[in-house]
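*Asks:* So the chains spell out like this:
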Amino acid sequence: MKEDFEPRIIGFLCNWCSYAGADLAGTSRIQYPPNLRFIRVMCSGRVDTVFILEALKKGADGVLVAGCHPGDCHYQSGNYKTHRRIMLLKKLLGQLGIDPNRVRFEYVSASEGNKFAHVVTEFVDEIKKIGPNPLKEKKK
Amino acid sequence: MSDNKVGAVLVIGGGIGGMQSALDLADSGFKVYLLEEKPSIGGVMAQLDKTFPTNDCSMCIMAPKLVDAARNKNINLLTYSEVIDVKGYVGNFKVKVRKKPRYIDEQKCIGCGNCASACRLKGRIPDEFNLGLSKRAVPYIPFPQAVPLIYTIDPDHCLYIQKGKCGDKLLCKEACTADAINYEMMEKEIELDVGAIILAAGYDKFEAGIKSEYGYGRYKNVLTSIEFERILSASGPFEGHVVRPFDEKEPKKIAWIQCVGSRDKGCGNNYCSSVCCTYAIKEAVIAKEHLSSIEPTIFYMDMRTYGKGFDAYYERAKDEYGVRFVRCRVSEVQEDPGTNNLRIRYETEDGELKEEEFDMVVLSVGFEPTEGVKELAEKLRIKLNDYGFCETSELSPVDTTQPGIYACGAFSGPKDIPETVMQASGAAAKASGLISSERNTLVEKKEYPPEIDVSGQEPRIGVFICHCGINIGGYVNVPSVVEYAKSLPNVAYAEENLYTCSQDTQKKIVETIKEQQLNRVIVASCTPRTHEPLFQETIREAGLNPHLFEMANIRDQCSWVHMKEPEKATEKAKDLMKMAVAKARLIEPLPTISLDVIQKGLVIGGGLAGMISALAIAEQGYEVYLIEKEKTLGGNLRNIYYTLENESTQSYLESIIKKVENNPYIKIYKNAQIEKIEGYVGNYKTTLKNSSVKLELQHGIIVVATGAQESIPKEYLYGKDERVITQLELEKRIANNSFSFNHETIVMIQCVGSRDDEHPYCSRVCCSDAIKNALKLKEKNPRVEIFILYRDMRTYGFREVFYEKAREKGIIFIRYDIEDKPIVQKNNGGLEVLVKDLILQEKLLINPDFVVLSPAIVPRKENFELSKQLKLPLNEDDFFLEAHVKLRPVDFATDGIFLAGMAHSPKSIDESISQAYAAASRACTIISKKEYIAEAIIAAVNEDLCSGCGVCVSVCPYDAIELVTETKDGNEIRISKITEAFCKGCGSCAAVCPSGAIQHNGFTTGQILAMIDALGG
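Protein chains in written order, with the working numbering: chain A, 1 to 140; chain B, 1 to 1017.
The following block holds chain B by itself, in its conformation from the complex (with noise of 0.2 angstroms):
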């Protein structure tokens, strides 16, 4: 098999989904180069304020990838940079990618700013993170918290790069004392040997320019949305204060317009860029939040919130927010020059023209193929689709046209964070099945020396004082907190250092601990959160524990927050050195808390997802256990004959049985039952009841595929005449030629049981349905008329050219109000449908032959169940809960467990088949190693002191805690037992515990109270 494969991939694009993407690789044991032609990685994600539909701030869920993907030894990043040339075949392609140079070194530059800071030009360059609302100077990292932290000297704008000169001297390379500026810079052309290529390219943003009626670049006022995310940053332009741009007086009446460069032929885009809806309810939410005088009002279509929770936020936003929703197309809008105002004017969906004034018009922009693509696309010698996007396809959601190059995000495709994050990590599991055989081939791991055993050792603190350049030094005395320092107890030594982290400074540190015998290392420098790491691993190469380290935060908590104030400055830095001293002496080596994997998986549900999850688990060279309760596979795709894409899914289904039935790796339990689950990650034990005999599997991981099902309608005559059936019964029909197509009409109804009181989720799939079966009639009886009662088609993405087919084809979309649902009827043997038409204002009578309902898609009732096995949560309609909506959308908050297909809600195939890739990757993160290394900073039980009392069980986030029953010295004792694969480290349980029994390593509170008492008054 190892024909020259190579065990590395290129992930192109270092936006969400390609950090994902290089993430899973990474932790799986490949090599990574992650290239991105921005300096920095984080990609649109980052100029997102706040993230639908649970408000999360953006940056601060996606600031801990960006610093993995920087800290991980596996993953290259190869920031301004592009590719060339790719040459090559499948498994072994070589990549010839350009660095541009920043004219700034990037193994010297501290991201301190001070280039920035002394450029003559500060302040005059338009800042394009900001989209020009702010300006920046020539040197300039995109965002404060840019990964890597390097400032890049634009070119375009530089004096000196474009004139040769910059008045009398370079101020930035005067200010810099790193030494980091070199004009002699050039580009770089790097060679790169890749097993599999993963296009992660991203989008680009309509241009709103060219919808010249709204009046974008013309009117002050009008903004697009992207801009307006900007406003809403706390980091941005206004801090957080919604004003309008130009005059920063706060508007009271914004209106959002929607499809803005979607679902628009006359632009050339037709499709729908499926997240615009959502994300314009979330800005008019959080504006009326940061403000609550504004009057917010979204101009629509159709309301697209199909996705998980997204309706319930469209409810909220309507009741508890006032956001005000107006179903209508925008025809113009117009400023009035003296307030600089604009007038909407629009039409009523009963035909009324309308007018009304607004402070502030934000544009929903769609998405778009990025600026590069089609040069990409030549380049890697890929197909586009119709729309100018990366070709992909329903049955292979992360396939290219090219074999060994993937794609995933919305470089494929208009799509949001979790569709993209589960493809980023489904186009790993691709590409690591493709070079599996090289797993751990180019991938480094580092040896350290053997540890030094501290134990008993009086305590020898070691402390380095970091200048930071000025950056501290500026502000601080630093040689007068060496000499605080050192009169400490138990301070062996301290010293000053210019920078502290520069790579001369880390093989100093080396040698002191050794010359010195220190057994506790202090740097007083940045911030933990990011240069941690790199201290512990520089005590390490000491042979010391990571963990007999300390840090004091004296630049950006103290240094830079006081900088008018040197003398309290350099006080507060001495407190803080006092109290990580207090800590440092308490501190203890902590174990590296390594388990035993498993290196197998189990999958629950033997749907297309689950089969596809085993079989990317197979692929990468584990045995998988595939559990199915029923008697055969493939779950609800049995019912599926076709699909708006593709004619024949049950050929496809065949072919996917076929090939789990024959992989060696795959072991199948049919009519499995199961009846207790036990462990943790890397070392479950699942018991099953397979007829009647039963069975122990042992395994590291678990996949949750159980998926959902069609919900029986209670209205709508459903049951008691016979010609009121439902889309699947109407597909099985029409597939098995049991349909007569001599029908003259069929009416549709659309969200039977869906977004209403019972199921207020969407349930996603069935307009796509309703349009598949209606195209399917049509095409076998053009004369057939077909009606489709609906509240919003929601054909988003490029499902929507199939709803325009539908209404070029003749099918009558009419729509109807949740308040007044159509009726069905008999009347004289007939079925007679009446509905309110809304357009016409009127009630329209129509006799269908059929009529077809579209039933929720519901949670299974084994959900319950399962989830009180193994402990996961359900959201409030049942569907299972994932760790985090956004960014973990396919792990569950336990380690070890993942999530695919409808168990986590309903979805469409292509969707399920990204999903279950992307469990099998992220799987694969855990069982491809023999060993897990658990959290070291986790909680500990002293069992002398436990009185059983379980205050600690109930806080625990994750049931990492439980009561056991032992017998001591012949007396039954309640004590707690923390099982140390579950815990986290958050310490919820020390901070209750009544005794003191429960320790906080890293954390205890004697550590705490040392540095408090240390403080003093």
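Looking at chain A on its own, in the form it has when it is part of the complex (with noise of 0.2 angstroms):
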């Protein structure tokens, strides 16, 4: 059953760092999973919880939030609260019995193309083991 399994994954890029990244990847033909839904966000530290929980609630299979790398953010520090955050986040999950790794946050600068498809893909890989979301499933 798992095998034809395809995970749906919202992804948040922050527009100066990881969107572009994410271009670049483009630009550079570097081919990826076609499983994310991207949304942009101008800086990673936008990235509240309850989008998070929201998309995990309609369904998503995992979230991907990117952000500049540390010291790189364009807001000075918005890619640290976003991730403190995150790390916080996923502890709960782990208590509401979300598995928390359907959650990831990384740092993807403008440069590294080949570091976005290769976060997505593995990112697609992981989820496919951990399987569908189970709000979805209940959902059905």
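Possibly wrong hints are sitting among the right ones.
[As the list claims (entries may be wrong)] A few chain B residues facing chain A, derived, Cβ under 7 angstroms: (1) Ala234; (2) Glu565; (3) Ile846; (4) Ala991; (5) Leu1009; (6) Gly1016.
[Claimed, not checked] Here are some of the chain B residues that sit facing chain A, going by a computed Cβ distance under 8 angstroms: (7) Cys60; (8) Ala63; (9) Val67; (10) Leu395; (11) Arg529; (12) Arg555; (13) Gln557; (14) Trp560; (15) His562; (16) Asp575; (17) Leu586; (18) Leu590; (19) Gly987; (20) Ile1008; (21) Ala1010; (22) Asp1013.
Keep in mind the hints are simulated off the structure, nothing from the lab. Beta carbons: idealized from backbone N, C-alpha and C, even for Gly.
Starting from the two chains in their separate frames, assemble the complex, guided by the hints.
*Replies:* As structure tokens, this is what we get:
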């Protein structure tokens, strides 16, 4: 069953680094699995934990948040704040019975097209292993 | 004044310096022609992987500048062009420019790269951007982020151009769906009228093969530092894997050899290239980060990490990354023919001959004048200096020998990125000062139709979906996405275009908005990062607010990355469409926030930097308040009597003070204390206490130029014996003839309080100052014996030549180790200095008449207060911290406040002057306009929902939010207030607000949740 499971992943990409890195993957024609649906935000610091919870609630199998590398944040420190929030959220998710690995935070810079593709590929594989979001199954 | 002056400037060179000059000028009301000989702007910085000392990704920090330069209406990019001839006079030059044919129509090319993929010689032409480490096709862009993103056919390699025939047909022409390829294209001559010229033409790297003893060109694993930079780059030939290019094996031991083509009379370059020490450390650290098994060794003569934060970087490289530093001069590199490994022969400091094997050798190549510099100098009638770089002088660091022509960056000598950026802004200040009467005469200001009020209207969304030739259409079924879009709620209209970005489609979009009465527009095509402004402009022309626009990126992040799965790519494109529609239904017009600007400046600090900044702002025609806490102007320069290059700095100082005092635009307040500063960019109010009177000043910008000071030495008997003095004290005595020149022996000790635990940074100027005073003493009395005890001689740039001269004059340099500092003691009334000579490996005893110390330059303690008053950050050494160490060296993160001189970090006179002009240039980008347009995508507080918890206040990186107490219905309540002028629109506050009271305009919680919900599970 799990083999033909195609995860649905929502990604939040910061405008200045990770979105640019994802664009570079495109201009370099680096191929990665088509499971990601991305939302551009100005800063990874904009990513409210409510967005992540809502995505999981609506049945997304994984949520990726990507921001600038430490020190590179266009807004000084948004990336750290979100990284910390997500670490906290992951602890809570475990307590709620949701695999914390469904949520991933990554640093991707504007020159890391390869890394972006790699992160998506790896995450899709990981989510395939974890299996579909149980909240989605319940809904059905 | 306006005797035929022209309000335009030609900037020659499109590297980071040229771009900075161009942006400053264009933002201050001048037309700019930015000329670059290569097909793309970007210069050397585009080739770098990371930048020191913060390891920022070079391309990431530069790309926004590339885009800004390309988008700016008042910057005319002349790429792939060269200057033929310059005529005219100051304020009115006529420049003839040759634009070489790209053989690809700039108006039609969409940068898709189909021509390159189709080219018969694809993968066979050495790619110069990667220094031949990879191969490209004949049609090429230098690098993926090239600006303009237009291909060029390399005429030297094109079979059709060279031989008139390319197989049976022109594959590139066939592949180009935009019909952009034109082999008939001829070169064009253009004539420009400009008021001033800025030379930012950069430098060349030393030809490493000339130093044949290092084997570059002969041995496969000997590379140059710039080649290594490309190896490190994620977008380089090996995608950032550290490998030997020839066998793609991972190296274990890598050696960097410093000063290749620098500090070397033999190859004709006796100057220091200033940046190689720090870039070698960077490369070693990054290599180690990429591959932890690497063992990096740097072979150097003096470690010249003299810049802000560089010494800390050096220490970290040693302690945290295990980079090994060997002080020596490498005599020879030999290859082991079996393994292609390299044996380095070198002599250690104490004379031992050693040999060591490495897998790879990186040569830290120095700076040389550009190849075309002589020709350019002849055309412009400017002088070159002894080293072949553009001649400038210490007191006029951005002036060439020709009035009206300015120079910046490495074109006038080796420099790092921040120095280049400072000079670039400085040159812009000089150029615009010259033609300030012509401000706003040639710039374009576009008029738009009045904005249609869409409030209360049901959304009528128009969707335009791009095929991008075959770039999208070849993989995504565009017609099916159009049909799908039509089925989505509130979509009133949907169509497909071959190229949505083309000129004719823009017209069509405007017409369609009117015909269909659309009030929201979505374009599904490439990335908003490059194209959103274009489409926003288009909908403004149709009377819509530019924020009633949304983009779906179905190319860069869809069709291009799922080329083998067209069905899934189509499915993804539909989802992205659905999400964009969900957001577009909720988007609202955002107002342009414009703030009135008080077109006056305030400069804090009446030293050299402050005075120059004030003068430069006044030259542009704006009033300036200059505040000095002392009773006289001049600051530290009052204590400097001569320099290595100038005999009398005091007469220069007098002339500057006179200019400042006589300038009708400058109002000076001496003995003045700042009591309070309030406000924001464009609108500051400063309360001054001037003796007993209180004054209120209003101004639009602030320049912080509060300087630094010499510390008081705590060691070496200073203060306990009057024969132990500081360099400044010695200089004063020499200048007023109170120093006896009959002394026999003088010892100078460097790094007194610098580069130690208390002040871990280098004070930058002391090495040159010691040499300056030593040479002066030698000049007065050639028999005097002078010993300079140092740790590393940091006579960077052309200062190196004076170091050489000092050695020629017999001044003795003895290196000491921080662990084994010299000892100064009294013996029978005489002074005794004991120092361990590391070459002889024995203690030397010197009996000097005088000991002269080089104390650290330390920040002023007033910095703390000012930093609190203005909410400006200090770095760990308590100097002011700029917005970005590389690209915004004179800006603070707070808009409207700028930084100049030693308040930033220790620096020399010429560097202070450059930075002072730079601060003026940056300041004028604001006060040259009557209004300041603030970011529209900012946060707003819904006061009814705000509970006054203050979480937002603590997360805001710009101190844009404060908690205020208000009375509502008789009750005192606390609510958050956002100062719009401070907000940069990151949305961090909206993400943490527990009450949902903060809205992030353009990215509201409702909009993002709608996108998530639209997607479903």
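*Asks:* Does each hint hold? Answer for all of them.
*Replies:* Here is how each hint holds up against the structure:
1. Ala234: holds (5 angstroms)
2. Glu565: Since chain A brings a Cβ to about 6 angstroms from Glu565/B, closer than 7 angstroms, the hint holds.
3. Ile846: violated (46 angstroms)
4. Ala991: Status holds, d = 4 angstroms.
5. Leu1009: holds (6 angstroms)
6. Gly1016: holds (5 angstroms)
7. Cys60: holds (4 angstroms)
8. Ala63: Ala63/B check passes; min Cβ-Cβ to chain A is 6 angstroms, inside 8 angstroms.
9. Val67: violated (10 angstroms)
10. Leu395: Violated. Min distance 37 angstroms.
11. Arg529: holds (6 angstroms)
12. Arg555: holds (7 angstroms)
13. Gln557: holds (5 angstroms)
14. Trp560: holds (4 angstroms)
15. His562: holds (4 angstroms)
16. Asp575: holds (5 angstroms)
17. Leu586: violated (14 angstroms)
18. Leu590: Violated - the Cβ of Leu590/B stays beyond 8 angstroms from chain A, reaching only about 13 angstroms at its closest.
19. Gly987: holds (3 angstroms)
20. Ile1008: holds (6 angstroms)
21. Ala1010: Since chain A brings no Cβ nearer than about 10 angstroms to Ala1010/B, farther than 8 angstroms, the hint is violated.
22. Asp1013: holds (6 angstroms)
The structure fails hints 3, 9, 10, 17, 18 and 21 (numbered hints given earlier, in ascending order).
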